[in-house]
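There are 2 protein chains.
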Amino acid sequence: MAQFAVNPSFISFAGGYPAADAFDFDGIRRASEKAWSQGAKDCLQYGATEGVAPLRAALKALGLARGIHAEDDQLMVTTGSQQALDFLLRATVAPGDTVLVERPTYPGALQAFRLAGARVVGIDGDAEGIDPQAVARAIEAAPSKPKMIYVVPTFANPTGATMSESRRRDLLALAAKHDILLVEDDPYGLLRFSGDAVAPIAAHAAKDAELRKVSVYLSTLSKVAVPALRIGWMVASSEVTRRCVMAKQVSDLCTSPWMQHIGAAYLDSPEFAAHVPRIIATYKERADAMVTALHQAFDKEWVFLVPDGGMFLWVKLPRGVDAGELLKAALAQKVVFVPGAACYASEPDAACLRMSYSTASPEVIREGVARLAHAYRSYCVG
Amino acid sequence: MAQFAVNPSFISFAGGYPAADAFDFDGIRRASEKAWSQGAKDCLQYGATEGVAPLRAALKALGLARGIHAEDDQLMVTTGSQQALDFLLRATVAPGDTVLVERPTYPGALQAFRLAGARVVGIDGDAEGIDPQAVARAIEAAPSKPKMIYVVPTFANPTGATMSESRRRDLLALAAKHDILLVEDDPYGLLRFSGDAVAPIAAHAAKDAELRKVSVYLSTLSKVAVPALRIGWMVASSEVTRRCVMAKQVSDLCTSPWMQHIGAAYLDSPEFAAHVPRIIATYKERADAMVTALHQAFDKEWVFLVPDGGMFLWVKLPRGVDAGELLKAALAQKVVFVPGAACYASEPDAACLRMSYSTASPEVIREGVARLAHAYRSYCVG
Numbered sequence: 001m002a003q004f005a006v007n008p009s010f011i012s013f014a015g016g017y018p019a020a021d022a023f024d025f026d027g028i029r030r031a032s033e034k035a036w037s038q039g040a041k042d043c044l045q046y047g048a049t050e051g052v053a054p055l056r057a058a059l060k061a062l063g064l065a066r067g068i069h070a071e072d073d074q075l076m077v078t079t080g081s082q083q084a085l086d087f088l089l090r091a092t093v094a095p096g097d098t099v100l101v102e103r104p105t106y107p108g109a110l111q112a113f114r115l116a117g118a119r120v121v122g123i124d125g126d127a128e129g130i131d132p133q134a135v136a137r138a139i140e141a142a143p144s145k146p147k148m149i150y151v152v153p154t155f156a157n158p159t160g161a162t163m164s165e166s167r168r169r170d171l172l173a174l175a176a177k178h179d180i181l182l183v184e185d186d187p188y189g190l191l192r193f194s195g196d197a198v199a200p201i202a203a204h205a206a207k208d209a210e211l212r213k214v215s216v217y218l219s220t221l222s223k224v225a226v227p228a229l230r231i232g233w234m235v236a237s238s239e240v241t242r243r244c245v246m247a248k249q250v251s252d253l254c255t256s257p258w259m260q261h262i263g264a265a266y267l268d269s270p271e272f273a274a275h276v277p278r279i280i281a282t283y284k285e286r287a288d289a290m291v292t293a294l295h296q297a298f299d300k301e302w303v304f305l306v307p308d309g310g311m312f313l314w315v316k317l318p319r320g321v322d323a324g325e326l327l328k329a330a331l332a333q334k335v336v337f338v339p340g341a342a343c344y345a346s347e348p349d350a351a352c353l354r355m356s357y358s359t360a361s362p363e364v365i366r367e368g369v370a371r372l373a374h375a376y377r378s379y380c381v382g
Numbered sequence: 001m002a003q004f005a006v007n008p009s010f011i012s013f014a015g016g017y018p019a020a021d022a023f024d025f026d027g028i029r030r031a032s033e034k035a036w037s038q039g040a041k042d043c044l045q046y047g048a049t050e051g052v053a054p055l056r057a058a059l060k061a062l063g064l065a066r067g068i069h070a071e072d073d074q075l076m077v078t079t080g081s082q083q084a085l086d087f088l089l090r091a092t093v094a095p096g097d098t099v100l101v102e103r104p105t106y107p108g109a110l111q112a113f114r115l116a117g118a119r120v121v122g123i124d125g126d127a128e129g130i131d132p133q134a135v136a137r138a139i140e141a142a143p144s145k146p147k148m149i150y151v152v153p154t155f156a157n158p159t160g161a162t163m164s165e166s167r168r169r170d171l172l173a174l175a176a177k178h179d180i181l182l183v184e185d186d187p188y189g190l191l192r193f194s195g196d197a198v199a200p201i202a203a204h205a206a207k208d209a210e211l212r213k214v215s216v217y218l219s220t221l222s223k224v225a226v227p228a229l230r231i232g233w234m235v236a237s238s239e240v241t242r243r244c245v246m247a248k249q250v251s252d253l254c255t256s257p258w259m260q261h262i263g264a265a266y267l268d269s270p271e272f273a274a275h276v277p278r279i280i281a282t283y284k285e286r287a288d289a290m291v292t293a294l295h296q297a298f299d300k301e302w303v304f305l306v307p308d309g310g311m312f313l314w315v316k317l318p319r320g321v322d323a324g325e326l327l328k329a330a331l332a333q334k335v336v337f338v339p340g341a342a343c344y345a346s347e348p349d350a351a352c353l354r355m356s357y358s359t360a361s362p363e364v365i366r367e368g369v370a371r372l373a374h375a376y377r378s379y380c381v382g
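Chains A and B are the protein sequences, given in the same order.
Note that our numbering has the first sequence beginning at 1, numbered continuously upward.
Note that our numbering has the second sequence beginning at 1, numbered continuously upward.
Hints are supplied without guarantee of correctness; some may be wrong.
Put simply, identical chains are the same to the list, so a pair is met inside one copy or across any two.
Stated by the list, open to error - BS3-like mimics (lysine-lysine), calculated; alpha carbons at most 27 Å apart, straight line:
{"#": "1", "residue 1": "41", "residue 2": "334"}
{"#": "2", "residue 1": "316", "residue 2": "334"}
{"#": "3", "residue 1": "147", "residue 2": "177"}
Read the hints as simulated data drawn from the structure, not as lab findings.
Construct all of the structure, not just a fragment, from the sequences and the given hints.
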């Protein structure tokens, strides 16, 4: 069995799942018991489309701790943050409208843009995320004014990059100048294991009415608590929020009040406060293991940014390597990753791949990277 | 306090909520404990977009008991049945497309059709629901082939009417002949308290490939278990199901696996089997109380169908009475209902109203109807 633990039949670095072995089972169970004892009837009946009061209060407090202010009509609870993006698109983007995104970006967002019929324009990012000057040029070049700029500015999926403070300010000012929604998708912001904290874009928007009008903040409890709560939330202008609440009303009426009350009880508990540092420590250990193993296996042949937080690491392969082809060799070695092409709206870079270090132990990560090295050698000679 | 119980400050017959005082708190709690003990990790992680295996098995069994067959690729779990309708519209109806509905029909469906940009054509129903011959005429008269026929054939919201067996067969044959989706929304089908059972339309479709192609069945655990599980499901052709799963993938990824495992444990429990007859008995008692009180208060002046199940009673007021105006008088008496106009896509009949008997005790129902009689008298003299 010990052998099996470090040599599982199949190793996946492909998923975007949080670490189930790091779930706070006891804390969640206690929150569940507390929510039930405080009001089983409230847990089980329908609830307000905007979200139940205790969770809304807890999410406001969580936001405030990072400088994000939300009035009552500027916050809504959603069934995961993916749903907030979906409603936002329904409320603000018509088929043919332009959406600007970083190149590469989160595949789930690209899928949502495609389903909305949006024209997606990718703008190259670097180690500090998307460049506001490049965004300004893309706005000028667009056939009509873009409706939305979508970014994952902190520990980005897929690159792991974090946008600098000055770029955040510049990008927000640019969005406000052109009256374009700036959507900040922030599932990983609390999961920093090195480097200095950078305030969310929404915190920069807090002080100025013009900035607040275009700022949209999305987050989720999936990565800091558990995905199964299916709790996301959005902070936006009252007008955008109102339209998204209408979309939610016809889509799923409300997010499970039971899950919301459990989420509220968990956010208010000492267990949550103690759990976040534990996840961070877990991810740091795993990221370190992956970084070290990759350096040892590939020296400088594979280039990647060492992440400061989050769950992902983005590898630039030597020019000419096709990550899709490499995946076939990797599958033969029973290890998988996400070929980078899925993270591009168009003109994909085939010589990139995304690796997630969140779900595997350091031992499994080392074994997986060893298999990957084996696959890479067979790919190169093949 | 006893005084307060029969004389609450405000009495609502407006809601479409199930009775919280009839929730099976013990049964749900036991199901919750069972789901957790069987696999907390499975409860808390992301799950498959189509739904988790134990719930899918339990829903198939629930369907089979009423003659509904679903292959693996013909069933999907949704976050309430409203979400199934939403995805179905996204997958199959474009702006400008025609949708045929009964007149009157469920306001939440009308909202969804409006948001989808559909052209909604209402067809008058009677005590046996929508008339297939009138539907046939509407199909002929439509500028282009309608994409969908939407019905709540059993204990309809708002009318309480149940479509006869022969109309079900005829409507299904008609839909198949024209290759138009026939959407059967069935939240109340298990809640029959008098009269003979009628098989779901989807059961008639079970035996024939051509019929199955157009049949779409939607249901929910909200009315037979609790709304907060947010569990609905859809049985449709594999092609329609596939497209709806894609829509769900970009909208909320998955319905809470935790809630799904609790729902599965509850459906499989003796508590669920014992609970459904209890809700039915509760609703029968309340429906009887409302029917008796209305007869006593309004004799034959208010006309309504005596319901055989479900939660609603639909009143036709004397010609010329405006239910919206009557509502103002009712509000002054601290009692509310839903004016019927909300249940029409166009050309609303102002002399109708919907009353729900699900949430109030017989004593409160009698008090509420007495207030309504008072309001009606003041409306008539005013």
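Against the structure, the hints:
1. 41 to 334: Answer is between: at 24 Å across copies they meet the 27 Å cutoff, but 48 Å inside does not.
2. 316 to 334: within (21 Å within a copy, 68 Å between copies)
3. 147 to 177: within (13 Å within a copy, 43 Å between copies)
Taken one by one, the earlier hints all hold for this structure without exception.
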